[in-house]
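S.K.: Residue numbers (the numbering used here), protein chains in the order written: chain H, 1 to 301; chain U, 1 to 675.
Treat the hints as calculated values from the structure; they're not laboratory data. There may be inaccurate statements among the hints.
[Stated by the list, open to error] For each label pair, taking beta carbons as the anchor points, the in silico distance ranges come out as: (1) H:E203 to U:E138: 58 to 66 Å; (2) H:N273 to U:S602: 41 to 49 Å; (3) H:P192 to U:R159: 48 to 56 Å; (4) H:P192 to U:L533: 30 to 38 Å; (5) U:V423 to H:L242: 38 to 46 Å.
Bear in mind that the values here come from a model prediction, so they are computed numbers and not experimental data. Just so you know, even glycine gets a beta-carbon here, dropped at the ideal spot from N, CA and C.
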Amino acid sequence: MLSFVLIALASLFFTGVIIRTKSITAGRKGPGIMQPVKDVIRLMKKGAVYSQTTSIVFRLAPVVYFCTVAMAALLIPFGSSRGVISFNGDFIFFAYLLGLGKFFNIIAAMDTGSSFEGMGASREALYSLFAEPAFFIILGSLALLTGNTSFYDIFSALHLGSYITYALAVLAALVLAMIAMIENSRLPIDDPKTHLELTMVHEVMILDNSGFDLGLILYAGYLKFAIFGAIIANLFTGGMSLLWALVVFVGTQFSFAVVIGLIESFMARFRMNHNAQFIFALSSVSFLIFLGVLLVLGKFI
Amino acid sequence: MVAINGLLVLIIAAIVVILLVNVRGKGMFAAAAVVTIAIVSSMVAIPALLGHSFEVMLTGTYTFGPVVIKVDALSAWFILTINFTMTTGIFYGLGYMKRYADQRNSITLHAIAYILLHLALVGLCAIQNAMVFLLFWEMMALSAFVLITFEHEKKDTLRAGINYLIHSHVSIIFLMLGFMYVAFKTGSYSFSAIADFAHHQSAMAGIALFLAFFIGFAIKAGFVPFHTWLPYAHPVAPAHISAVMSGVVIKIGIFGMLRMLLLINSDYTTIGFIILFASILSGVYGVMLAIIQHNLKRLLAYHSIENIGIIGIGMGIGTIGLGIHNEVLAILGFGGALLHVLNHSLFKSLLFYGAGNVYLATHTVAIEKLGGIIKKMPRTAILFLIAALAISGLPPFNGFVSEFLIYSGLYGWIGSGSIGTLVIVLFSLLSLVLIGGLALLCFTKAFSIVFLGSSRHVNIEEVQEQGQLQLVPMYFVGLLMLLIGFFPALFLRILQQPIALFTQTIGTAPQPIPVNITNALHTIGWAGLLFALFIIALWILRRWVSSSKPVEVGPTWGCGYPTSSAKLQYTANSFARSYSKLAKPMLDIGKKEIAITEVFPSKKHYETHTYDKLERYFIDKLIKLIKVVTGWFLFLQNGRLQRYILYGILFISGVIIIPIIIEKIMMLLHFLNNL
Numbered sequence: 001m002l003s004f005v006l007i008a009l010a011s012l013f014f015t016g017v018i019i020r021t022k023s024i025t026a027g028r029k030g031p032g033i034m035q036p037v038k039d040v041i042r043l044m045k046k047g048a049v050y051s052q053t054t055s056i057v058f059r060l061a062p063v064v065y066f067c068t069v070a071m072a073a074l075l076i077p078f079g080s081s082r083g084v085i086s087f088n089g090d091f092i093f094f095a096y097l098l099g100l101g102k103f104f105n106i107i108a109a110m111d112t113g114s115s116f117e118g119m120g121a122s123r124e125a126l127y128s129l130f131a132e133p134a135f136f137i138i139l140g141s142l143a144l145l146t147g148n149t150s151f152y153d154i155f156s157a158l159h160l161g162s163y164i165t166y167a168l169a170v171l172a173a174l175v176l177a178m179i180a181m182i183e184n185s186r187l188p189i190d191d192p193k194t195h196l197e198l199t200m201v202h203e204v205m206i207l208d209n210s211g212f213d214l215g216l217i218l219y220a221g222y223l224k225f226a227i228f229g230a231i232i233a234n235l236f237t238g239g240m241s242l243l244w245a246l247v248v249f250v251g252t253q254f255s256f257a258v259v260i261g262l263i264e265s266f267m268a269r270f271r272m273n274h275n276a277q278f279i280f281a282l283s284s285v286s287f288l289i290f291l292g293v294l295l296v297l298g299k300f301i
Numbered sequence: 001m002v003a004i005n006g007l008l009v010l011i012i013a014a015i016v017v018i019l020l021v022n023v024r025g026k027g028m029f030a031a032a033a034v035v036t037i038a039i040v041s042s043m044v045a046i047p048a049l050l051g052h053s054f055e056v057m058l059t060g061t062y063t064f065g066p067v068v069i070k071v072d073a074l075s076a077w078f079i080l081t082i083n084f085t086m087t088t089g090i091f092y093g094l095g096y097m098k099r100y101a102d103q104r105n106s107i108t109l110h111a112i113a114y115i116l117l118h119l120a121l122v123g124l125c126a127i128q129n130a131m132v133f134l135l136f137w138e139m140m141a142l143s144a145f146v147l148i149t150f151e152h153e154k155k156d157t158l159r160a161g162i163n164y165l166i167h168s169h170v171s172i173i174f175l176m177l178g179f180m181y182v183a184f185k186t187g188s189y190s191f192s193a194i195a196d197f198a199h200h201q202s203a204m205a206g207i208a209l210f211l212a213f214f215i216g217f218a219i220k221a222g223f224v225p226f227h228t229w230l231p232y233a234h235p236v237a238p239a240h241i242s243a244v245m246s247g248v249v250i251k252i253g254i255f256g257m258l259r260m261l262l263l264i265n266s267d268y269t270t271i272g273f274i275i276l277f278a279s280i281l282s283g284v285y286g287v288m289l290a291i292i293q294h295n296l297k298r299l300l301a302y303h304s305i306e307n308i309g310i311i312g313i314g315m316g317i318g319t320i321g322l323g324i325h326n327e328v329l330a331i332l333g334f335g336g337a338l339l340h341v342l343n344h345s346l347f348k349s350l351l352f353y354g355a356g357n358v359y360l361a362t363h364t365v366a367i368e369k370l371g372g373i374i375k376k377m378p379r380t381a382i383l384f385l386i387a388a389l390a391i392s393g394l395p396p397f398n399g400f401v402s403e404f405l406i407y408s409g410l411y412g413w414i415g416s417g418s419i420g421t422l423v424i425v426l427f428s429l430l431s432l433v434l435i436g437g438l439a440l441l442c443f444t445k446a447f448s449i450v451f452l453g454s455s456r457h458v459n460i461e462e463v464q465e466q467g468q469l470q471l472v473p474m475y476f477v478g479l480l481m482l483l484i485g486f487f488p489a490l491f492l493r494i495l496q497q498p499i500a501l502f503t504q505t506i507g508t509a510p511q512p513i514p515v516n517i518t519n520a521l522h523t524i525g526w527a528g529l530l531f532a533l534f535i536i537a538l539w540i541l542r543r544w545v546s547s548s549k550p551v552e553v554g555p556t557w558g559c560g561y562p563t564s565s566a567k568l569q570y571t572a573n574s575f576a577r578s579y580s581k582l583a584k585p586m587l588d589i590g591k592k593e594i595a596i597t598e599v600f601p602s603k604k605h606y607e608t609h610t611y612d613k614l615e616r617y618f619i620d621k622l623i624k625l626i627k628v629v630t631g632w633f634l635f636l637q638n639g640r641l642q643r644y645i646l647y648g649i650l651f652i653s654g655v656i657i658i659p660i661i662i663e664k665i666m667m668l669l670h671f672l673n674n675l
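Only chain U is shown next, with the shape it has when bound in the complex (with noise of 0.2 Å):
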């Protein structure tokens, strides 16, 4: 109670003291309120992940009854990784921004909404009143449209911002219903109003209020099909909020979910299929369109939608796994989820980072345009290298471990189950398998275009390694992708509690982690280690054997061809030319072509747009619909100053009358009855 107050004094000493100090100072004082909040809140969260959960009772107000503040396991897990994101992301942030000093009052907007997005994100995941919680959504929803909107002057970035912005209050209007819905029913805005009122619910009931939450979440995390906000914030936001979005934001409604699911104890078998199906399609469709891209950061965006794809799939098969009561394939799902969760957030801020690095030191995005980098810039190549090897899945990196523990689940799911189970596990697998298969042509493509080769378009002379202020912390997220690579079994024995929770639910005593899935990843750990070393020697062996020899550095064999240029080579459109063409019925792929017809060629021109099949579809076809709509009241607003004020004396003359008017009407209706 005494350390919540306190907290919250000095964030707001601390938001005071940015509006008065200079630029420098503005980040000094925002990394050590990040810092302070991550401290404060690391203290509670990690007992709290061990199995001793901290809980408070705030007296609250009239109108919200007491505000319960709880850390349990699962909150302590993403409180954990939102605060090693965040940290990570201000460090970052300040050698970023270094070069945007002179606009001093966008900085300080920026400083104290990173501030507030941080606290926000904390509080959502500890605090069990619903107004209350809504409050602070709504306080993470305008803070990250601050910093989104950095560079408001840029037409684009504050389209995006508004349209991320509309969609967060979409997704609010429906965690309202769900909420509201309760309270209605239970008179209480009480987190544990919801489970007593899912307790004694039918299942439907319970199912419509998931639903009701699951969509409103699903905006957040970006689900298909209600993921078209996303493309758009992350590439215009500066690089360390797109990580922070990317990384923390979205899972705040991964979080939610799970939190709804621990609520709603009502038919998990069909939520659960629910789920796993709204993932598989964010998790192939996140990835096709990723792969015809050219914009570093919006591919990375849609890997985002991917990757809560998988993490979905996670979910969805652990939720499958209570339904059945099936605790194996419970653990192995919430395991894979959960760490999963923590994976993405690590090597997505890692490639965000990585693609900001990229962007201060050439200008551009557009990944057409680069190329040879890795010769300027080795730590940034080889860093987003190690990311790119992670979110492909690949091991010994810590992407791998979160599919294996899904694939695992899928496996030993594979087993038990009539045919129609059996469908749904093999339509699962493949689609991870695709999922896989696809995010390794994405990011082969997406580092050898950006990294490797000649530069197709950037004076490469001029490129320029970051300072160490944007590569410690780089290297830091590496080293703790890393960790989790090498050491699986460990990490998974810290989800123990986290999971525990949720097998709770179905009402069995929290069992330990089976034993042959711990020696499994104990396994993949050593393999990892076997296999560094194992590279590492072959290499020495290389060294060794080959510098007696003569080596020589010649041009690329050019195939008999004398002249090769950096213009002749493989661009990323083409690089996924046979890809998009096989997945043509799918993708959205404009194409303006003036081509050669003549013997003498002419001007000739090729280019290429894509976009979204679903957003035209889905939400530009909805937004027509309510555009006609609201277009039958545009007789309104017809600008005259005299009509909107006379608009103003009928509502509140209506406000007055109308219950006055049904008053009398009633007493009508009683004095006629009596007669």
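Bound-form chain H, shown alone (with noise of 0.2 Å):
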């Protein structure tokens, strides 16, 4: 339970955190840290419009991909204590969970019958699909190192190792990072900010979400960012002291959020078309984990 209030705390802020290191980087004044979150309430106040194009799922789609981040942040455990939902092979579960919201947030933007959300969405389907194996195996090289599968177990398991260990973990975390920013659709994979719905993936997907709805997208987002934060702090806190764990998580959030600002002032978005073969690249980075722990093990002997 602890995990999932840090999370839903750490969610609050992240994306301010983001624009304002943009901001300062930029040079400019910027809006303040809470100006996302004030963004989602007033959202949500709003009425909305809905294309006659659409139907049901349209409606539907904002619901439960914002229900599946949801379900997601209660399988994140923190430090010594389990996530809500804790079992053999969660994280099998929740990589499936984001699957299903992504299915939803697909269709939705079909449903529109607008050819630039289906261009989003066809692009949205197939990034996905290359990131999906880097985390399985990220997640079958740290099963392989500490013998456990879920969550909580590999985590709290993970510091007995040797320095070798932090090394994985520092690659591991890299990976799970570079994940998070082709599940929220950042650079360099895709650029919230283009001036051209062309050149979107994930914000041309909800070009007709508006009031409530586009409010659930936007939380989810930040939401999906906590949790990938909350992962990167779990590979280092297993077994600290609850108060030194604390120190890391809200460390790891800040320095994680402050990072993606800087990416994404002095980097501009990768061409389309090379962006597949620079998720598949980032399966064969996590391949050198799985070597890694495999050399850790002794197994090449």
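Given two chains presented individually in distinct reference frames, assemble the corresponding complex, making use of the accompanying hints.
M.R.: Written out as structure tokens, the structure reads:
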């Protein structure tokens, strides 16, 4: 339960920190840290406009999407406290829940009958297809390393190893951070601030959403960031006391947000047709982690 | 014994009655016969599933030897699966066939073939005698052929039907090879002879025997590269026949493999790796080709190949588990495979029923012509959506449960084993993940292009929701799917006995399913319920918050372009384009294009055709070769009756004379030896 509360708290500030970092590097005054949350609240108070092409699927999808992300947050442990839902193989459930959310996002975009949204939907489906193997290989490597198959057991057993374990954790953190960028459609995969619908992925899919629905989708995005931040923090907190774990958690979430802000300030989006290759390259990095684990376990002899 | 005879008499009576009554009556009696078979066989199967297997020995004939009819837990699981889909299929069929009511003779044949198919499938699960098994196998193949070719006046249908018939008989050749080899060595056609034979022979002989059976059953089940009949047969058959074919007929191939695994207690590790390899190939290849299909039923057919692959992965790791004496792996592998057999028969039949409804309402299954049907057929659309989510393996539906078991097996296996095994585990995991992702891509495409947006070609005003006769069976299928999704632990417990049959083969006492697995499934069930509640709560909140707010309806945002039309929508082809560009080397897409080259656009044209690369290189090449070889003997077929009579006379005299000559020669040799 503790982890869920912490993730919910982190999600309130996460995107604000990204935006603040961006405005500081750009030398702008910029909005306050709470501005994204304020936006969500304002949107939820608003009425909505629906396209006449859409059906019930379009209205249901944001609700389902939000629920999948919230359920996924329930699965994440924190330090020595389990997630609300925890069982052997819960990370499979986690990945497939996020897949369910994506499924609904995609069909909602297709429901509008707009070619732009269809384009975004097609890209989203393809990118998520390529991002998933990396996640499963990382968790598989960690399962191999620790001999456990649930988030909580894996993370609490992770600290027992040598320095190499930490090196692997850093590498895993890197890949997970990139997966988080793909999941949330940020740079360098997708540019949420681009001016042209043709060049968007996620933003173009929600062009027709408004009011409460748009609020849900935006907040689900913040929550997703916090979830991945929490997973990354968990790579390092195993076996720490609660206080230290808390410090690491806050530090990780904050630095993750700042790093994203810096990347978004200094990088441009990749060319669309190179994205698939880039995402697939992530899988090969996760293979490196797998090989590292084999090295640690002495399986190479 | 009495029950079996009674059932046969009843079925023959039903067939006779069907010949006599009117079209409406034919349907009713066929349904009654199918329900009777289902009830009688379930009465035997349910106790068997709980561990009280049923066995009778019929006297049989001189050639066959005694015929053992045995329903153990494995047969029971398949019989129950078959019964459910065959029953929903016949009721759906009653509604579906209404529009063909004027084709009286075809309907008679169709109804009788359906009953025979059901009888054959149930029989195949229980018969323990090779000769009778092959007879029933043939009965299944022929009745399925009749069912597929219902619209036999269409050329495509007939071609697909004959394609299927040939494949079926190639499959029979391999099965006969296996059975006859055993019969030749042991002198018995009984299945227990196979077990004895495999027990006394070397491991190599066991593997060879299994391979013969594996290929025979793989053709039926649709493993790559023996899958090529499936994508032709499924689209041309009536919807309920496609559902039955894909849901249960191909599963009898899986049943055959499992049965042979129980009998041929040989080098399980090697056999397991063979199955695993073939399954990974089927799974990935099936879904890769499914994405580029633009015929809804053909797309679903390729998904059957994919799901057979998933079942096979479970079966493969289960068999390896037996081989390396890893009980948990065996339990998870076979448990996942058996549950996926049921799951796939459910969601695939639901998808085919949905496709059937779409076909009846719009007269087409070409995805590119459809769109926006959800507004006219909301029930069909929602049921199709549920099935699409389930087949993509997403929680909280049933497909996730069986895939989860297989994943758990793989992740459990990762902890033990050498580097070689680890690489194979990783490879299997990767392919399973890839299958999941590709299935998601494919079903978002299929569902959204067919049901969402606005109609591309079909006049949407004429589309109507189908009648209750078609929808009610679909509700039942959907309900069972949700039950499995929300109470997965219960279904794994039901599977305890069939799984125990496998773990017993390596000589250990039957073990309960590991606690952490049942716990995990319990939690998944609860999490699914929680998730559903969560959605409902948020939906109500959303209604409550936005009830006081102004809601407008307007045109879709066209990104600044004022006119948006249905023609500008994303098509199935464009949705899959970025994928098909990446996967181009593996696919076979023919393109005809007249592009715009001049300043002033002239007439332009664009069309694509997808073909199966394996079919091109594996089947078509083979057929070409056979044609060349048989072409050498073409002079024999010259159309002269006199010649044909001559061949007959030559054959008959050969049959009579050759043994006599041989006998004389032997006598001569004997005489010479004695000199």
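S.K.: Hint by hint, note whether the structure agrees.
M.R.: Results of checking the hints against the structure:
Look at E203 of chain H against E138 of chain U: about 59 Å separates their beta carbons, and that is inside 58 to 66 Å. Checked against the hint of 41 to 49 Å, the pair N273 of chain H and S602 of chain U fails, with Cβ atoms roughly 29 Å apart. The hinted window of 48 to 56 Å between P192 of chain H and R159 of chain U holds, with their beta carbons roughly 52 Å apart. A hinted range of 30 to 38 Å holds for the C-beta pair P192 of chain H and L533 of chain U, which are about 32 Å apart.
Roughly 40 Å separates the CB atoms of V423 of chain U and L242 of chain H, a value that falls within the hinted 38 to 46 Å.
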